[in-house]
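Enquirer: Respectively, the protein sequence lines represent chains A and B. This note's numbering applies: residue 426 is where the first sequence begins, and numbers increase by one. This note's numbering applies: residue 2 is where the second sequence begins, and numbers increase by one.
Keep in mind that the hints were calculated from the coordinates and are not lab data. Hints are not guaranteed to be accurate.
Restraint ranges, calculated between C-beta atoms of paired labels, are given here [stated by the list, open to error]:
1) Glu697/A - Lys44/B: 50 to 60 Å
2) Gln71/B - His551/A: 28 to 38 Å
3) Glu601/A - Asp45/B: 42 to 52 Å
Yeah, the Cβ is synthetic: ideal placement off N, Cα and C, and Gly gets one too.
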Amino acid sequence: MSLSTPNLRLVPSTSTESSKVESILDLIGNTPLLELQNIPLGLPPRVRIFAKLEGFNPGGSVKDRPALKMVQEGIRTGKLQPGKTILDSTSGNTGIALAMIGRVLGYPVELVIPANVSVERKAIIHAYGAKVTYSDPLEGSDGAIQLCRKILAEAPENYFKPDQYFNPMNAQAHYETTGPEIYRQTRQAVTHLVAGIGTGGTIMGTGRYLKEMNPGIKIIAVEPDDPLHGLEGLKHMASSIVPGIYHEEQLDGKIPLATDDAYAMVYRLSQEEGVLVGQSSGAAMVAALKVGRTLKEGTVVTLFPDFGDKYLTTNLWVGWRDRMAVGNLKFSI
Amino acid sequence: MAVRVRVPTPLRKFTQGSDEVSAQGPNVRALVEDLEKNYPGIKDRICDETGKIRRFVNVYVNGDDIRFLQNLETTLKEGDNISIVPAIAGGR
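Taking the hints into account, I'd like the entire structure generated from these sequences.
Expert: Here you go:
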């Protein structure tokens, strides 16, 4: 199918009316699963690639799921009580989720964020009214983790720290929601899960559920190919504080990805699929394609952690039209 | 003429763990070459194969992004503070 030929099959013909909800938090999860139509065209016909569009969560990212679960569990166990402040370190999306959830449930939120996260992420967190402390950008997300630990140590009685890197409820949220949704939405056909690793929560929890349903499903992680990278939200494990919830031995494989390949895929997704996402989604898509190319048949599911509107001011989009010009965009994918 | 260069964590394996090093050069291009001389391998991480600063790396001279100055030709003077900063933060 050429891009200039309208594909009538894909024009929506029915409308569904959303049901009424009482809280914005009721809208977390149950995100749509999109089958990519154009980018996988070179794959064998019985290989299909799907992406879960996590940008449809009300906080705009996959992080709404673990943030809500961790806060709910904090309340259930009494660790989070009225008068306490929710404190955590984040490079943005978890911060946005916590800031939103804190507003709904009536808890103040304080976040430690590396100063080099995207301007949009900072603005959104400020808009929810969360207090933000910026950590040294040269120290990356590990610097934020360490500064957050220091703030907590000074007045532990004031805070509830969800501790997304070490809280099993992070992965549990995906075990209870993302995994079952993917299994249901693919009508049990999923054969491969491909997902990026930031805290490891998504791949660990979703992967555990899918393996329980069908031990033959392969769980494959995506990570930056170098400690110095431009894949906001993803972690290069070998050079980082390894999250306590991340267990590499439970994965079937790991794909290292170059930042430039992920960026190129972000442009392709916007131009060829009409899906504008962030760089971690670009990385996930490249990896899903790589997996797809090794198969004769299969259903590869990946996650697009958020949409692209939070990254429009980042280097990702600087000079992108020049790079999109024929011959200028290099793909090793 | 020496300037101070702050090094982000992912590049400290080249600087034996130092978060700040001293380097020399009349402009950023020369500075990068000087860093490469003393810390072999570091240039490849900062610059792409055409020699340009990689898109996901920002270089600041006294707090200003060189993309908004004269890029690699941005001139340096004694005592300038240079920071090499990953354009984004990893981990969520």
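Enquirer: All hints, please: hold or fail.
Expert: Cross-check of the supplied hints:
no. : hint                           : result
1   : Glu697/A - Lys44/B: 50 to 60 Å : violated, 35 Å
2   : Gln71/B - His551/A: 28 to 38 Å : holds, 33 Å
3   : Glu601/A - Asp45/B: 42 to 52 Å : holds, 44 Å
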